[in-house]
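Chain by chain, the residues run as shown.
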Amino acid sequence: EDKVVQSPLSLVVHEGDTVTLNCSYEVTNFRSLLWYKQEKKAPTFLFMLTSSGIEKKSGRLSSILDKKELFSILNITATQTGDSAIYLCAVGSNFGNEKLTFGTGTRLTIIP
Amino acid sequence: EAGVAQSPRYKIIEKRQSVAFWCNPISGHATLYWYQQILGQGPKLLIQFQNNGVVDDSQLPKDRFSAERLKGVDSTLKIQPAKLEDSAVYLCASSLSRSGSIGEQFFGPGTRLTVL
Chain A
97 EDKVVQSPLS LVVHEGDTVT LNCSYEVTNF RSLLWYKQEK KAPTFLFMLT SSGIEKKSGR
157 LSSILDKKEL FSILNITATQ TGDSAIYLCA VGSNFGNEKL TFGTGTRLTI IP
Chain B
200 EAGVAQSPRY KIIEKRQSVA FWCNPISGHA TLYWYQQILG QGPKLLIQFQ NNGVVDDSQL
260 PKDRFSAERL KGVDSTLKIQ PAKLEDSAVY LCASSLSRSG SIGEQFFGPG TRLTVL
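Protein sequences appear in the order of chains A and B. Under our numbering, the residue at position 101 of the first sequence is numbered 197, and the numbers go up by one with no gaps. Under our numbering, the residue at position 99 of the second sequence is numbered 298, and the numbers go up by one with no gaps.
There's no promise every hint is true.
Far from chain B, by Cβ distances over 12 Å, these chain A residues were calculated [as the list claims (entries may be wrong)]:
no., residue
1, Val108
2, Leu130
3, Gln134
4, Glu151
5, Lys153
6, Ile169
7, Glu194
Here are the simulated DSSO-like cross-link-like pairs (lysine-lysine), alpha carbons at most 27 Å apart as the crow flies [as the list claims (entries may be wrong)]:
no., chain 1, residue 1, chain 2, residue 2
8, B, Lys282, A, Lys164
9, B, Lys261, A, Lys99
10, B, Lys243, A, Lys137
11, B, Lys270, A, Lys136
12, B, Lys277, B, Lys261
13, B, Lys214, A, Lys99
14, B, Lys214, A, Lys136
15, A, Lys137, B, Lys261
16, B, Lys243, A, Lys195
17, B, Lys270, A, Lys195
18, A, Lys136, B, Lys282
19, A, Lys136, A, Lys163
20, B, Lys243, A, Lys136
21, A, Lys137, B, Lys277
22, B, Lys243, A, Lys152
23, A, Lys133, B, Lys210
24, B, Lys214, A, Lys137
25, B, Lys261, A, Lys163
26, B, Lys243, B, Lys214
27, A, Lys133, A, Lys195
28, A, Lys152, A, Lys163
29, A, Lys195, B, Lys214
30, A, Lys137, B, Lys210
31, B, Lys214, B, Lys270
32, A, Lys137, B, Lys282
33, B, Lys261, A, Lys133
34, A, Lys195, B, Lys277
35, A, Lys136, B, Lys277
Please keep in mind that the hints were generated in silico from the structure rather than gathered at the bench. Note that beta-carbon positions come from the ideal geometry of N, C-alpha and C, so glycine has one too.
Next comes chain A alone, as it looks inside the complex (with noise of 0.2 Å):
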């Protein structure tokens, strides 16, 4: 059965630092790896990464894929209050019929 694990679960922080959530997973037939944000319901796209080693950036935000110890970190710089969300990483698998396994999420909270 297909597992993304996610850490840690919750994170409380100030304004300003930077934080590194990560996502570990373990996959058949792995496609790509996709970090959303979930504000109130409706995740919306972050990232995906498909190749090792290669970083992705917006903003204040990062990502790298590690395809050889199977984790994925999402960096971000400087956080402010709008940054505090849940965090869900996703991991596309199979071939032809792309599905997506979802781990658990960071819940991320900026303080003033």
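Go by the hints and put chain B onto chain A.
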């Protein structure tokens, strides 16, 4: 570009009642997904459609859940009869991807179901 639309946004029912959710994906998106997200957990895939065909319903509790996507566009998910443990947010997502490709999934706002 309009996003994924879902209705209703909230629904409260009593156990053993029936309920139906509706989803209209982004125009042109071939693949449609229904997820169940229980409080404190990540979304769990219930069913995946490619156009109007089912490609994965392995985690759909078929004794009480059913879904259809008759014309390959919008979709309905039904629960009959509902149980207390069905209380969750039901998310619909769609992607452009076709067989063999990798695609980002776009999520709708979800329907929060409470079963009393």
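* To do: Check each numbered hint from earlier against the structure, then list the numbers of those it violates in ascending order.
  => 2, 3, 7, 8, 11, 13, 19, 25, 29, 31 and 33
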